[in-house]
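Undergrad: Residues per chain are reported as follows:
Protein chains: 4
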Amino acid sequence: MAKKTMKQGAKRGTGQAAKGRRAAQPKPGLLAAQLTKIAREFHGRGWALGTSGNYSAVLNANPLRLLITSSGLDKSALTERDFLEIDGAGNILAGKGKPSAETFLHLAVAGKREVGCILHTHSVWSTLLSERFASQGELCISGYEMLKGLQGVRTHEHRERVPIFANAQEIPALANKISNGLGRENQTHGFLLSGHGLYTWGVDVAQARRHVEIFEFLLEVIGRREFGGAPVTEKQ
Amino acid sequence: MAKKTMKQGAKRGTGQAAKGRRAAQPKPGLLAAQLTKIAREFHGRGWALGTSGNYSAVLNANPLRLLITSSGLDKSALTERDFLEIDGAGNILAGKGKPSAETFLHLAVAGKREVGCILHTHSVWSTLLSERFASQGELCISGYEMLKGLQGVRTHEHRERVPIFANAQEIPALANKISNGLGRENQTHGFLLSGHGLYTWGVDVAQARRHVEIFEFLLEVIGRREFGGAPVTEKQ
Amino acid sequence: MAKKTMKQGAKRGTGQAAKGRRAAQPKPGLLAAQLTKIAREFHGRGWALGTSGNYSAVLNANPLRLLITSSGLDKSALTERDFLEIDGAGNILAGKGKPSAETFLHLAVAGKREVGCILHTHSVWSTLLSERFASQGELCISGYEMLKGLQGVRTHEHRERVPIFANAQEIPALANKISNGLGRENQTHGFLLSGHGLYTWGVDVAQARRHVEIFEFLLEVIGRREFGGAPVTEKQ
Amino acid sequence: MAKKTMKQGAKRGTGQAAKGRRAAQPKPGLLAAQLTKIAREFHGRGWALGTSGNYSAVLNANPLRLLITSSGLDKSALTERDFLEIDGAGNILAGKGKPSAETFLHLAVAGKREVGCILHTHSVWSTLLSERFASQGELCISGYEMLKGLQGVRTHEHRERVPIFANAQEIPALANKISNGLGRENQTHGFLLSGHGLYTWGVDVAQARRHVEIFEFLLEVIGRREFGGAPVTEKQ
Chain A
0 MAKKTMKQGA KRGTGQAAKG RRAAQPKPGL LAAQLTKIAR EFHGRGWALG
50 TSGNYSAVLN ANPLRLLITS SGLDKSALTE RDFLEIDGAG NILAGKGKPS
100 AETFLHLAVA GKREVGCILH THSVWSTLLS ERFASQGELC ISGYEMLKGL
150 QGVRTHEHRE RVPIFANAQE IPALANKISN GLGRENQTHG FLLSGHGLYT
200 WGVDVAQARR HVEIFEFLLE VIGRREFGGA PVTEKQ
Chain B
0 MAKKTMKQGA KRGTGQAAKG RRAAQPKPGL LAAQLTKIAR EFHGRGWALG
50 TSGNYSAVLN ANPLRLLITS SGLDKSALTE RDFLEIDGAG NILAGKGKPS
100 AETFLHLAVA GKREVGCILH THSVWSTLLS ERFASQGELC ISGYEMLKGL
150 QGVRTHEHRE RVPIFANAQE IPALANKISN GLGRENQTHG FLLSGHGLYT
200 WGVDVAQARR HVEIFEFLLE VIGRREFGGA PVTEKQ
Chain C
0 MAKKTMKQGA KRGTGQAAKG RRAAQPKPGL LAAQLTKIAR EFHGRGWALG
50 TSGNYSAVLN ANPLRLLITS SGLDKSALTE RDFLEIDGAG NILAGKGKPS
100 AETFLHLAVA GKREVGCILH THSVWSTLLS ERFASQGELC ISGYEMLKGL
150 QGVRTHEHRE RVPIFANAQE IPALANKISN GLGRENQTHG FLLSGHGLYT
200 WGVDVAQARR HVEIFEFLLE VIGRREFGGA PVTEKQ
Chain D
0 MAKKTMKQGA KRGTGQAAKG RRAAQPKPGL LAAQLTKIAR EFHGRGWALG
50 TSGNYSAVLN ANPLRLLITS SGLDKSALTE RDFLEIDGAG NILAGKGKPS
100 AETFLHLAVA GKREVGCILH THSVWSTLLS ERFASQGELC ISGYEMLKGL
150 QGVRTHEHRE RVPIFANAQE IPALANKISN GLGRENQTHG FLLSGHGLYT
200 WGVDVAQARR HVEIFEFLLE VIGRREFGGA PVTEKQ
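Chains as they are written, first to last, in numbering that gives the first Met the number 0: chain A, 0 to 235; chain B, 0 to 235; chain C, 0 to 235; chain D, 0 to 235.
Honestly, I wouldn't trust all of these hints.
[Unchecked claim] No more than 25 Å apart at the CA atoms, straight line, and that leaves these computed lysine-lysine pairs for PhoX-like: (1) LYS36/A x LYS95/A; (2) LYS176/D x LYS97/D; (3) LYS36/C x LYS36/D; (4) LYS147/A x LYS111/D; (5) LYS97/D x LYS111/D; (6) LYS26/B x LYS111/B; (7) LYS147/C x LYS97/B; (8) LYS147/A x LYS147/D; (9) LYS147/D x LYS36/C; (10) LYS36/C x LYS95/B.
It should be emphasised that the hints constitute simulated quantities derived from the structure, not laboratory data.
Sequences are here, hints too, so could you generate the full structure?
TA: Rendered as structure tokens:
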């Protein structure tokens, strides 16, 4: 299992971590350590307070094996033991605790994209903008140099379409909706759940983390513009 | 006394700290250490600057015994020795210093709710929103996933009613008003004092701390929406 | 000299530092260490970036002896050796470097008030509000519990009048203006220079630091209200 | 080479680092260490997230030798080995990795100004204001005491004209435009690229860093004013 993933990692190796050195073999322990560090960092930056946020890493693509945070834990105190290994149907293969209901959203992303890591955050700006643009079903971002921090984007003229799905507590239905939505969007780097937060991903943990940072920056820029007297239509 | 509280803690044990392990016996020294850590953290996050903020933990429910911060201390430099043990009438049982006048608000909450910890903060957003919505006597929050961080809330469709009481310096009268107000609100997780700040609580210190974090997040979201050109009535 | 100051400190001892223990003798070395710590803290909080900000402590009241930061130093890298001892006319008694032109504003305050420490900061909100209210010559703050963090204030109904002086590079004339202005304001805890920043003070370093924190909080509250679509006239 | 630079540094020595001691000889290793520290600091302050930002220091003025960050690295994890030495045409003289396309903008600045260090950041406020004022081709800042933190500015009445260039991915053409623009602006301390960020510089690393801090402060002040209901025309 680990060997297959390593090869796949090497093929995909376009993330930050992969530059200039061979991609590290994604051992569960190492990935749990990386995700724990990210959980504490994101808590400190206000992107996943209280028990909000879930973080996962792909241990194997086919059949799908995912390492994911257990449900209901305070992210400021997460440890490397607070992760589960699950299969593509959400069954627990290893670890204590229970998976979050949102695990199925991670599985939906992992089933549609060649990803190594999926990060879900709840920032103030993602909450505000996902709510304000919910009726349009999307937020489009264009004209910012920072867009080039998203994998494969080469110019600020890129138009990043961020789908917005209505929030729901019936996760399997929502997972289907997202799976269908993502199937038609090959260039998508993330999506928003209305009044809830952001999902983004990357080929490895470092790239996914960078995508959170890039999106949070762009959402803050648009949020301050949008909630600061300047109509967003001026820009787009 | 400690034994009773432990049992009670076990019965109530739905807070973060209680998950996956037996609730720790609430020894005054340990609670003072936890509250001191919180005081410094909240100061660093701008939620209780200068001498503002009071923090308490229930040592015994019946008869009521409360551990509470002494009055007038700078919260950035609080130590574990800056706490008092008081009874349900506010008499000092142990510790140096004098209790804050607001001690009676803590007693009012502890007398009405099954709580292990009560935290009072003064953030910018709680100040702004408590002032703006004072004439309505409440702030209602609905539609945000983050609401699920409040104990017992299962859906973002939950409507959290946060009562707002007019600020006053005659604390006993205010305490009566709050006690009566809370008596009619079984689902309330906190309240605001106009132009002053937030009171929230939990079954233990970890849950109360998480409630502060959840409320501060929600107040920032609503504050940025409300002070950013979008009418709050659109949402509610 | 040190002895006199100690007695005076004991008489005045209503600051945070004086509570629960005898006021420490204000030795220059200790005061320089305290002010250095504050300089780094305030830089980290964005209240005195670059070379902005000056900090002083009274070594002796009569004749006046002031310990004050040298001019033109980056406050993120201030050390305990970057202070001067000056007399009431601004002459250097000890230390290397040259005094800032604004030293005369510190002397104006120290000559009019019973103070042990004077702190001058340049935050975003003090800059914005001092500019917006410059034509009124004052900013009045009322209705906030946090006002009680200012020495001697007992109720949120207190009306704190913060004088605003036009900024100027001819410091002696400005110092006269401030000296005259403060002479008529016994209850003033600080003043603003338009487009420039805040001056506040206290009986000792701890109290002055707390006053900065309280003012910065109140200015942020009013700033967000004022620059967020809500007319300030509603409140006052 | 190092000797020439030291002399030149001594002649120019008006930066913070040069005060009170002889300017340090700009060894590549020391400069890389200083720029690495700045990269991590600026990442932490939100001024250069993800892979954004480039930092350079002049190793020799004539012929031009520049030490500059390699392209595409995450600035939160930059190390002292992530720098290249290049000549005035952008050829690599030492180091691994490839230069960023924006290297030519650094060369354009270094060719026009007597500088020792050039820093490029991407903050929220520089992004927002460079976009809003793009059609005017400049942002003018006047009336703020903090302007005195820019080298050579003696009064808040100074009018700092910050040119704004349209963002472009064809860097050589943009570099020419900037080079021509800077040629006519002897008093300029920095410029903006629309929707992109800030370039500023100084005689040494410390002064350039201070200029970033000063500009970021001023941009936040103007940004909050501009996106907070107050027309910028009131001020200017």
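Undergrad: Tell me if the straight-line CA distance from LYS97/D to LYS111/D falls inside 25 Å.
TA: holds, 24 Å
Undergrad: So if I understand the rule, the pair passes when the alpha-carbon distance is 25 Å or less; does LYS26/B with LYS111/B pass?
TA: holds, 23 Å
Undergrad: Keeping to a limit of 25 Å between CA atoms, is the pair of LYS147/A and LYS111/D held or broken?
TA: violated, 28 Å
Undergrad: Verify the proposed pairing of LYS147/A with LYS147/D, using a straight-line Cα cut of 25 Å.
TA: Answer violated: LYS147/A to LYS147/D is near 35 Å, above 25 Å.
Undergrad: Need the status of pair LYS36/C, LYS95/B: alpha-carbon distance at most 25 Å?
TA: violated, 29 Å
Undergrad: Given the hinted pair LYS176/D and LYS97/D, is their Cα-Cα distance within 25 Å?
TA: holds, 24 Å
Undergrad: Decide if the proposed pair is consistent with the structure: LYS147/D and LYS36/C, CA atoms, cutoff 25 Å inclusive.
TA: holds, 24 Å
Undergrad: CA of LYS36/C to CA of LYS36/D, is that 25 Å or under?
TA: holds, 21 Å
Undergrad: Holds or violated: LYS36/A with LYS95/A, Cα cutoff 25 Å?
TA: OK: LYS36/A and LYS95/A at ~20 Å, within 25 Å.
Undergrad: Is the Cα-Cα distance between LYS147/C and LYS97/B 25 Å or less?
TA: Holds, at roughly 17 Å.
The structure fails hints 4, 8, 10 (numbered hints given earlier, in ascending order).
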